[in-house]
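Enquirer: The residues making up each chain are set out below.
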Amino acid sequence: MLIVLMIEGILEDHGCRSVTSVATVNKAVSLVESQSFDAAILDMNLDGEDSSRVAVALSDRGVPFVYSTGNDRRNMAESARDHAVLHKPYQEADLIAALTQLFS
Amino acid sequence: MTQIVSKSGDQKAAEAEVDSFQNDLGPFVVAAETTRMAMVFADACETDNPIIFANDAFLELTGYTREEVLGQSFNFFMAHVADEEALALIRGQFEGHSETDAEILYRRKDGTEFWAGLFVSPVRDDDGDIIQNFASFVDLTAYKNEQAQSRLLIGELNHRVKNTLATVQSIISQATRTNADPQAIKQAVDSRLFALSRSHDLLSRENWRSAGLLEVIHDALDPFGGLDERSGRIQITGENIRFAPKAALALGIAFNELATNALKYGAFSNEYGSIRIEWTVEPSPTGRRLVLIWTEKDGPVVAPPSRKGFGSHVIERGLAHELDGSVQLDYLPEGVVCTMNIPAPVPDHE
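Those sequence lines, one after another, are chains S and R.
Each residue of the first sequence is one higher than the last, beginning at 501 in the working numbering.
Each residue of the second sequence is one higher than the last, beginning at 1343 in the working numbering.
So here's chain R without its partners, still in its complex pose:
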């Protein structure tokens, strides 16, 4: 609530002083009036330090008219007038002992709140007594928003790093379970770490919003050097469907496992083998489904493994869990076939 207060004699005298130096010190006052920095003069001889001059920038910042402001106590537009901490900060500024900036929460005429940095300088008379206080206000809204954004991003970053570390831990754990030889362990860990790293690079290129299936597959097959589509040994057919980061990471890991197995035992382990990767999106009673089939042929004759390795575990259980669908690995004599049937991801709203 604002009221136009009636002015005391002292008040009028104080304002007259400002008026008079307004006439004497023309350029300074013009500067104070026209600067975009919000400024006020307060009368230090009255309790509550009433405002006796407010520049246009101040009126714009707070939404009040000059009549509504003049005569009001300096703290009238604080958001929480009884906030002891804020009051102490303001007093510190007035008394000149504050080493640090005061950040105060203020409220505009329309009720909205904003943080401002408060800087107060005393104006002394010839005897050295403080007669007025000159205050400027820096709107900290943008700065506070950026701080909040930063905190959010740092929290997000921490979360991702922890997940990545836990994933690395899983990679190491698995590698040591299925291998006793240190070289074999190192090899198993290295190849998966690199796959993970490449997936992160892909997501970073896309600002962690999403990744396209074509890029995920190309990235996963990339280290198996020379085996790109030009060589004729890989055939990739399907639309570049976009996946959320977690799903893209899981797919990257799974394709890396499929390719690693193809290289060790399957279609990439000889000179003739080839791989066809194709997918379609089909309607179904449970909604749109993405069906992807990885088919190897012309590799050595395939025998089902006596014990399923980590790779197949990752593909059939891990990926199915992550993508909320079914993934099946079939060890057909003519070549491994992997069939994924998952809910089609909902398109991004770009």
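This is chain S alone, in the form it adopts within the complex:
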């Protein structure tokens, strides 16, 4: 949970006006469907569940996103190949660079 707080802090430092975090697939999907977002950081695994449903919801609504994971760089699922992946723990510079890429 501290990780989420740190990320929120970094994003606010870089001018992000609003950051919303949720910890389960169901909540993420309903959040994506009910509010509009400029970008997302998506953990590959949320509370024990694979997050592909969230990825689909984000893509359907045209919200660009990057993946986040603690897994080995080499064990990436096929589906992840089209999106940038941040490996925990991540450097602040990498996080900002990845998100900036999404907006370009």
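Just to be clear, a hint being listed does not mean it is correct.
[As the list claims (entries may be wrong)] Taking beta-carbon pairs under 10 Å as the criterion, some of the chain S residues facing chain R (in silico):
#, residue
1, G509
2, T524
3, N545
[Said to hold, decoys possible] Pair by pair, the computed Cβ-Cβ distance ranges are:
#, chain 1, residue 1, chain 2, residue 2, range
4, R, N1417, S, S604, 55 to 63 Å
5, S, N545, R, D1543, 19 to 27 Å
6, S, F603, R, E1427, 43 to 51 Å
7, S, F603, R, N1500, 30 to 38 Å
8, R, N1500, S, S518, 30 to 38 Å
9, R, E1581, S, D547, 47 to 55 Å
10, S, L531, R, N1612, 43 to 51 Å
11, S, T520, R, D1452, 49 to 57 Å
12, R, G1434, S, L531, 53 to 61 Å
13, R, Y1485, S, N545, 26 to 34 Å
14, S, R561, R, E1548, 57 to 65 Å
15, R, S1463, S, N545, 43 to 51 Å
16, S, S518, R, E1498, 49 to 57 Å
If you're looking for bench data, these hints aren't it; they were derived computationally from the structure.
Yeah, the Cβ is synthetic: ideal placement off N, Cα and C, and Gly gets one too.
Knowing the structure of chain S, use the given hints to seat chain R on it.
Expert: Positioned in the frame of chain S, the structure of chain R alone reads:
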């Protein structure tokens, strides 16, 4: 599909040889027949190396009867008969140049598959020509399962370590944002690292299945030495509700923050202050809710902070996010009150 093949003359001669040394070398053959190691003899003079002897252990391993096996080609029970890699490994064993063990996937009569380690030794006649091959099979099923388990556990371990490192990174990041003095930074980092470490110890004691709320609270208050329930300064009331590891870690961090603040500014900062921690589980329209209240009293008079520190941020936002509920910190003049209202965790199926 198995067929009882009709035997060639050579085949019968080969079997007769086995029979005859069965009579000549009694104890050896008894050993081969009764050992729990699956073994066969194959005729090296025929193409496809037909099986001319199979011991009971082999029949048990593969599920075939002796009639179904004798005369069959040596590779008949491979799971994938056209697998080039496997075939090459088997040839290597037969030709005697293999330095490494051959692990081959085989299929039993009932269709189930198993991995076996294959060891082949040639049997030569007096002229030194190979007339038969003696093969033993080691069932690797248990070993393969353990390997798979290990890979899973190592993956899990890696995941946890990465999360822990990221959490440490957050602790350091926060400590440096709110402190400029190196000593203060070190102090802030140290106390949170120790809290994290204690939470890990608690979870390890429980094999990372779950942790009880009473243990989480006791652990978090432990470093604030001497302030246990015997001193009368802490009162804890509630059932030992069990939480999943992630939630237990978050609670551990939050209680550590509450206790740290109590020590610095609140009920633990003087000699008289005390803390009451109590919780109940109540039904509600949204399901069962756990309501926990931390109440401080008799500490110095409380004034709301001009700027909320990391601790309150962690408690009100972080914990609420992690536990999927609401957490509120009220700075009442008589003492800080923290109220948590979260969905009650579903009990473990032990």
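Enquirer: Confirm or reject each hint.
Expert: Hint check results:
no.	hint	verdict
1	G509	7 Å, holds
2	T524	7 Å, holds
3	N545	8 Å, holds
4	R:N1417 - S:S604: 55 to 63 Å	58 Å, holds
5	S:N545 - R:D1543: 19 to 27 Å	25 Å, holds
6	S:F603 - R:E1427: 43 to 51 Å	48 Å, holds
7	S:F603 - R:N1500: 30 to 38 Å	32 Å, holds
8	R:N1500 - S:S518: 30 to 38 Å	33 Å, holds
9	R:E1581 - S:D547: 47 to 55 Å	24 Å, violated
10	S:L531 - R:N1612: 43 to 51 Å	45 Å, holds
11	S:T520 - R:D1452: 49 to 57 Å	54 Å, holds
12	R:G1434 - S:L531: 53 to 61 Å	58 Å, holds
13	R:Y1485 - S:N545: 26 to 34 Å	29 Å, holds
14	S:R561 - R:E1548: 57 to 65 Å	41 Å, violated
15	R:S1463 - S:N545: 43 to 51 Å	49 Å, holds
16	S:S518 - R:E1498: 49 to 57 Å	34 Å, violated
When each numbered hint is compared with the structure, violations occur for hints 9, 14 and 16.
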